[in-house]
Each structure stands twice: as structure tokens, then as C-alpha cells.
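Could you slot chain B onto chain A? The hints should help.
As a plain string of letters, each chain reads:
There are 2 protein chains.
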Amino acid sequence: MPPARRLDGIATAAAIRAELTPAVAAFAARWGRSPGLHIVLVGDDPGSQIYVRGKEKAGAEAGLRVTVHRLAATTTGAALLSLVAQLNADPACDGILVQSPLPASLGPAFEQQINDALDPLKDVDGFHPTNVGRLAQGRPTLAPCTPSGVIELLVREGILLRGRHAVVLGRSDIVGKPMAMMLLERDATVTICHSKTQDLKAITRQADILVAAVGRAGFVTADMVKPGAVVVDVGIARLDRREDVVRMFGEGSARVADFDRRGSVVVGDVHPGVAEVASALSPVPGGVGPLTIAMLLANTLKAAEARMARS
Amino acid sequence: MPPARRLDGIATAAAIRAELTPAVAAFAARWGRSPGLHIVLVGDDPGSQIYVRGKEKAGAEAGLRVTVHRLAATTTGAALLSLVAQLNADPACDGILVQSPLPASLGPAFEQQINDALDPLKDVDGFHPTNVGRLAQGRPTLAPCTPSGVIELLVREGILLRGRHAVVLGRSDIVGKPMAMMLLERDATVTICHSKTQDLKAITRQADILVAAVGRAGFVTADMVKPGAVVVDVGIARLDRREDVVRMFGEGSARVADFDRRGSVVVGDVHPGVAEVASALSPVPGGVGPLTIAMLLANTLKAAEARMARS
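Chain order of the listed sequences is A and B.
For the first sequence, my numbering begins at 4 and goes up steadily by one.
For the second sequence, my numbering begins at 4 and goes up steadily by one.
It cannot be assumed that every hint is accurate.
Treat identical chains as interchangeable: a pair holds within one or across any two.
[As the list claims (entries may be wrong)] Here are the simulated DSS-like pairs of lysine-lysine, each with C-alpha atoms no more than 27 Å apart in a straight line: (1) 305 to 229; (2) 204 to 229; (3) 305 to 60; (4) 229 to 199; (5) 305 to 204.
Hints listed in this document are in silico derivations from the structure and should not be mistaken for laboratory results.
From a predicted model like this one, the values you see are computed outputs, not experimental measurements.
Chain A on its own, in the form it takes in the complex (with noise of 0.2 Å):
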């Protein structure tokens, strides 16, 4: 077979901030103010402050007007409760996010308590139960940035979901389950796997359609992939042991190299070989990741207007 084809999440991406430049700008001028995104960002994480600064780039680039709360990570649980409170009550404020992870001081229940805090028609990251609900419901409503990157780079690459197979490689609340019912609802049977599946293989071989969310570097191998079908890597994991870029990649590939510049590579779940088996893949990075910021923009339009709308 020829090698799977590329599905390209920085030009779909950027096709969605190019349509959604304009549409911002006629919501500014409608209303006389941009939409507004308000970030919270506790503590010095450092990949939260990288995610943190792309989003905020990305926003700007769009036209919205994008607030970063930084905040100490020895931020009260009460004291975020009271920002929230606040953005909530706050008219120009259309969209929050709290980036996770949270410190862990807060405990492990606090991020979820800060979800069910928010607004439910400013929650862009989707994650508050009431829009959790209205998406499973198959209802309009804010869904979560990752899967929806995913099915509008499945949907603008022309691939078809109706009646097909997806499979679903990892149940987490972020991407798993949100992604299961967005396949659901566009008429795809779908199979949700994760740790406790039997006989991984005999499921994942089965999937037109394998969407992987596990979370673990080059977990899905050509073996356990049907020729022809389409692929879509979620993980995101660095690599800084150079055995390791070599084994997934092999000795004098263009990722060694790169790891011997760098020090480090990005992957996702997606082991190499699976180019050679599928008929279309999306890559790590360039791929879903993205996507990822480009719903969140799309996501604060859609609440400035949803909720203006209503006003």
C-alpha cells in the first residue's frame, strides 16, 4: 500500500481561524466589543504556561480579546472560586478556561468543582456536567476542544462517518467519552477501548475509524491497525531518552536526528509503522493539536454569540 495519507491539522486548523477571523470581527462590530476569553492559570507549570501563551496568541490573532489570570500556585481553592464567581458576573466575559493541571494542593476533586462552578454558556473547554449532558444528549451546546478538532479534520478531509466503524482507544472525560458520542451522533457505530479491554487487537482491527487517546508514546502498532483504515493520533508525549526516539523510530531517521538536535521529540500514541498499514493518519505533532486551539476560538465565538443572542 502506499503510505497513509497526512491528515494535516495545521492547514485545517488555520482554514478554521481564517473563517473565523472575519466572523469575529463582524461579532466586534455588532456588538461593539470582541468576544471576550478569560484564562486562569495557576501555578508555574511549564507546559500549562507554554498551552497557555499559544492560546492567547491564537486568540489575539483571531480578533477576540483574550484576559490570562496568572495566579500563585499557592492560590486558595476559594480564592478561584471567587474568580470564577466573578467572570461569571462579568458582561464582556464570554469564554473560561481554567488550564489544567491545577495544583495539586487543591486536591483532586477541585478541578471538577470548578468546572461544575463556571457558567455553563461560558464553559468553553466543555467540560461542566450540564454541557457534558447536552452533548451526549446530541443537543447544541459547548463541546470539548480536542474531539471537536477531531471531527471537523475528519469532516473538512471528506472522510465518512456514517455507519462506519470508530473505535476509541482511551475513556477519559477530556477526549474518550466526548469523542465516542461525537462519533455517535454522526452515525458511526462506535467502540470505546481502554485498560481493562480483552484482546485489543481483534477491536482496534476491526476500526475504519481508530481515534487513539491512550496517553502512552507509539502504543498503536501497524498489527493492530486494519489496512485502509483512517487514524487519528490524540496522545501527546514527550520523549528525552534518546533509546527511546531510536526504537520508535529508528536508528538514522529524520526523529533521531532531530532528537540529537533538540534533545527531546514530541510523539503521539501512533507508532510510525501504522503509515504503512493506514489509508489516512494524522501526524505528532501537526495534527490534532492544532485543531485543539483553533475549537477553543471557535468555541468563545460561539458563546459571545449564544449568549448575546439570548441578552
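Quick look at chain B alone, frame taken from chain A:
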């Protein structure tokens, strides 16, 4: 193979109700009142009349205080929403159930609108989006009664779910989707099939546990079932043409004799031939139906306890 073990919903429902009765009495002793279930019945659909009478009787037997609000088919949406608001505010009302279907004159979206209007803490059907979302997130909630009953039946019959492949036929908001979420939460690998699924038999034959909720009499035939599978029949239909009963059960069968006595028989989604292939099978009637009512009572007590714990 020996014929399938019968998964006895009547006995399981009786066991659940036997556990509920002293728990309801303990609630009443502690709080000086019985848990209050309010059922809203609009119009004179004969099926709904029977269902509501069943719920009323079972509730009273368990010691609940059941109030049925019988309203004319001409009742306006505004009047219904006003009744719901009044019940939401009533401190002696712990659970609210709006019997489906509502009169068509209220419009197709009204049923969801009325469920949206319920206090989620009193939503004993589990159809409010916040409760749907909490269920998807694997959090404590009021879950829909029918899939909850299926889980109770499987668990109390000692059927292992973890790691096994469960296939759900049907993707309704009332059964299929919440069923899938509950099976996933119990570590099954879950596939959801529906009317657009291609090569359905190839998928259902992989099921260790097959839950049929399609609403088509006798739809699941023996050739669709893996030998030794556990099959749960959620369908319920009334056959009132003799030829249909003969086609499904065969001339000379007990069910045809039933038909000849009564003029109709109640059947499920599962063809009787499945009993020769499955290791266990829930009958219709006498399977999931009684459990749905038992779980409604359980949800009412749970809602009452949760509300009083918060007060």
C-alpha cells in the same frame, strides 16, 4: 447447549424493594415524613395510565408518599412548567417524574424542555442534562431507571462486566446511551450499534453481554448471538395479530395459547430462539420491566436522602 438461564427480573425487583422498604421506614423515622414522589400524567394514553398505576402502587407498598397529578391532554406547556416550578419548590417533594409521552400538541421539543426545568436533585428519571453529564463523568447522580435496572440485574446475578465486551443495540437517551455509559463505568468494553450500523450480526456475535433496546419485536435472532453470551432484552411490544405471534413463537407454543386467551401478548426485542444459544437471558415480560419500577423507587429514596443531607 442447555437453554439459557432465566435472568429473573421479578425476583430481583422484589429483592430490591425488600431492601428499600426498611430504608424508607428509616428515612421516615428520622425526618418525620416519607419520601415524596410526584408523578405528572398528562392526557389519557392507555399505556401511560397503566405504567403510572404500577408506579403508584409499588411506591405506596415501599412506603413512599406518591402523588399523581392527572392533567387534561389540553394542558398548556406554561401550566406544566408552572407545576414543575411549584414541585421544585415544595420541600416535601423529593422526586418528580413527568410520564412520557406528553401529548403531541405540546410539540416535539417540549418533553426535553420540561426535563430541563426539573430541579436536577429531584430528577428521578435522570433525564436532566446535568444528571446525564454527571453519569457520563462517572459521578454520583440520579441515573435513568431502565439501564440502572439492567445493571442491578447483571450484578445481582453475578455476571462479570469488567473487561468483557458489551454490545448495546439502540442509542436512545433513555436506554442506549446511558446503558453504554454505565457498562463503561464498570470496565466493560462497549460498542453502541444502531439503525445505521453496517454488518450488525458480525458485531453482535462478538458480544459477551448483549443489551437489546431497539423496540422491534423479535429483532435479535439466534444467529446474531455468540454461544454462551448473556442477553438482556429491554424491548417491549404488544403483538395483537395472531400471525405475528405464530411467526415468533410457533404454532402450538404457550405464547400462542396466551394470545388465543387474551387477544394479545407482550414480547421483547429478542427472538425466543436466542434461549438455545445464550447462557443467560432476561425474559419479556418479567425481565427488565419490574426493575425499572424498582429503580424509580430507589432513585426517589436516594434523592430524598441526598436532599436532606444537604439541608
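Outcome of the hint check:
Within a single copy, residue 305 and residue 229 get their C-alpha atoms no closer than 37 Å, and across copies no closer than 46 Å, so neither meets the 27 Å cut-off. Within a single copy, residue 204 and residue 229 get their C-alpha atoms as close as 10 Å, and across copies as close as 19 Å, so both meet the 27 Å cut-off. In this homomeric assembly, residue 305 and residue 60 come within 27 Å of each other (Cα to Cα) only inside a single copy, at 19 Å, whereas the closest approach across copies is 48 Å. For a Cα distance limit of 27 Å, the shortest separation of residue 229 from residue 199 qualifies both inside one copy, at 21 Å, and across copies, at 21 Å.
In this assembly of identical chains, the alpha carbons of residue 305 and residue 204 never lie at most 27 Å apart, being 39 Å within a copy and 41 Å across copies at closest.
Violation of the numbered hints given earlier is confined to hints 1, 5; the remaining hints are satisfied by the structure.
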